[in-house]
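Quick note, the sequences are listed as chains A and B, same order.
Okay, so the first sequence: first residue is 1 according to this note's numbering, each after it adds one.
Okay, so the second sequence: first residue is 1 according to this note's numbering, each after it adds one.
Worth flagging that the hints you see were computed from the coordinates, not collected in a lab.
Among the hints, a few may not be true.
What the hints assert, rightly or not - Here are the in silico distance ranges between beta carbons for each label pair:
#1 B:D173 <-> A:R126: 39 to 47 Å
#2 B:F120 <-> A:S299: 52 to 60 Å
#3 B:A176 <-> A:L313: 26 to 34 Å
#4 A:P179 <-> B:S88: 32 to 40 Å
#5 A:L3 <-> B:M174: 54 to 62 Å
Stated by the list, open to error - Output of the computed footprint for chain A on chain B, the stretches with three or more beta carbons under 8 Å from beta carbons of chain A:
#6 9–17
#7 76–90
#8 107–113
#9 124–137
#10 144–156
A virtual CB, placed ideally from N, CA and C, is assigned to each residue, including glycine.
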Amino acid sequence: MSLSRAAVLFRQSPLVRRDRAFLASAAGLFLLLLIYPFWGDSYGLSVMRDALIMSVFALSLDFMWGQTGLLSFGHSTFFGAGAYTMALLTLKAGVGSLTALLAAMAASAVVALLVGYFLIYAGVRREYFAIVTLALALIGQQIILSFADLTGGDAGLIDLPFLSFGINGAKFTFSGDKPLYFFALGLAAVVLLGLWLAVRGSYGKILRAIQSSEQRAQALGHNAAAHLLVAFTVSAMLAGLSGAVFTSVQGIVTPELIGPILATEVIVWVAVGGRGSLIGPMIGCFLVVRMRQEISSVSTTLWPLVLGAFFVLVVFAAPGGIMTLARWLGSLRILGGGRGKGAAR
Amino acid sequence: METALPAALNALTLISILMLVGLGMAIIFGMMGVINLAHGEFMTLGAFTLSCIQTLGGSYWLGLALAPLVGLAFGFLIEGLVIRHLYSRPFETILATWGVSLIIQKLLEIIFGSAMQPVFNPFEGAVSILGVACPAYRLFLVAFTGLVIALCLLAFRRSQFGLDLRAVIQDRDMAAAMGINIKRTNSLAFAIGAALAALSGVLVAPLVTVYAWMGVTFLSKAFFVVIVGGTGTIAGVAAGSALIGFLETFFNYTIHSSLAQALVLILAVVIFRFRPQGLVRR
């Protein structure tokens, strides 16, 4: 892609009211998150930190699902691929944090590129795409479980080194509650802003045009399959990034990070927050993670049951998908305008 | 011969199971355009029925007879509660049936615990074929499945219900105009698909570990059967099962079993790339 083409795709137009609403709500949210460490306790801080890292995962799915309409039902494959690449490289190969992070992103991107090429160019869309990607997550988890001597099997790997980055000879290591919290906060802010800037111009318009009618977009001269493949790969890369950061902040990696439950959960975050609004899925992630915390304190086995009931409820209570709620909120200009149109597909 | 015959029998076992699971899934998909992610749970329910009956002192054969009825009942129940309301919204059906699947798994785990459920094999011995000892149970499984599939084929081709099914698969609206009760046909087809899956659960139970999540592993294989074979035809299901079952058994003998699954996934995706309609066209 030439530079001038990129300039056209990502040209930033003047702010309109919807943009101001987004920026205002994002600024408000991050201001709250910024002052939270001054009254939150250590436990609350670690919960919020994990939620922030997970919200990057939610953003990655929303970029794909919200903009292009293609739902990856096994997005945890990429989260897990990033997590395990990070864990294995830092723990077993002794690679530095930055290199390992980049490698984790690359690993997820390569998996998405390969799978995506065959699926997207074969015209696999909608429910078929969802199903094959779900199978991907199921098999990914099995692979992790069966190479137990490398991946630790069911128990996973523990004692991962802290994130540390060397800049001009100085070494910054992120450990302790507050530095890790602010690192997660910064990461979430950068990804949110980056994605928003990327999709507010013509690039986002093209993706949404493909969502509303692929043939029409194709007839207008856009290479729909190529756009979808790129979006899928970028989305997977971001998922890999959040997986890699999550696992090294936790210091542990387990097979749950690649399985179908997490893949289900991320869909719930995005659906709750409102598909396509970026900041909505982030808030959805905070809310659902908080809810899981509450439910797990009652019983740890109850969560998948609630998750399942939630899925059924979403479909029946909000026939157009949960978008109905998001649109309603959007009309109140809380979530920066309900961009998602039509049924959740 | 020493390894070829048992390998062939293993492949045939897997192919039989996949055919039973895939058949219900493909018919449901072909008729209603509904992808039922809870289909694997019907299989789990079948296996659990057997385990319950055997724990209570009943025989394997009682389990084999009762499990399809349990599947049938749950099939009607889930069709009536969930699927029926989502016929025109295939995407939402995925979400809803996945929710149902999680709920059934978790309820089974809460009721029966997460440990492996005990199941007893009715034929412990081996039969000697051409001087090679073959497990009697697998021979029974393959023969019994063959019989069931043959009956299904007969019903699909010759019975009034089969005619209705084929008409609905071919053209839903036209079938309705011809006076076929679409709702009843759909619900019966769904329940029969569930019963077949429950039956396959009983058949496979003595060969695998029976626990609340067992359906999921077969679910992904059944997808590939349907995707690779094409929807709405028994021949497609047979072709898909044969290919997936053969590939997986073959890879299992040569490489690690989960790598084998990954390879099967990759091959299914590649086949999908070049034959999006499936191996057998309707």
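Checked hints:
1. Taking 39 to 47 Å as the suggested C-beta distance range, the pair D173 (chain B) and R126 (chain A) does not conform, at roughly 21 Å.
2. A hinted range of 52 to 60 Å is violated for the C-beta pair F120 (chain B) and S299 (chain A), which are about 33 Å apart.
3. At roughly 31 Å, the beta-carbon separation of A176 (chain B) and L313 (chain A) lies within the given 26 to 34 Å, and the hint holds.
4. With their beta carbons about 52 Å apart, P179 (chain A) and S88 (chain B) fall outside the hinted range of 32 to 40 Å.
5. The given range of 54 to 62 Å is respected by L3 (chain A) and M174 (chain B), whose C-beta atoms sit roughly 56 Å from each other.
6. Counting residues of the stretch 9–17 of chain B whose beta carbon lies closer than 8 Å to any beta carbon of chain A gives 0, which falls short of the minimum of three for the stated coverage.
7. A count of 5 residues in the stretch 76–90 of chain B with a Cβ less than 8 Å from any Cβ of chain A is obtained; the coverage claim is therefore met, three being the minimum.
8. With 3 residues having a beta carbon nearer than 8 Å to a beta carbon of chain A, the stretch 107–113 of chain B meets the requirement of three or more and the stated coverage holds.
9. Judged by the Cβ-Cβ criterion of 8 Å, the stretch 124–137 of chain B is not covered by chain A as claimed, because only 0 of its residues qualify and three are needed.
10. Only residues whose beta carbon comes within less than 8 Å of a beta carbon in chain A count, and the stretch 144–156 of chain B has 0; fewer than three means the coverage is violated.
Checked against the numbered hints above, the structure breaks hints 1, 2, 4, 6, 9 and 10 and satisfies the rest.
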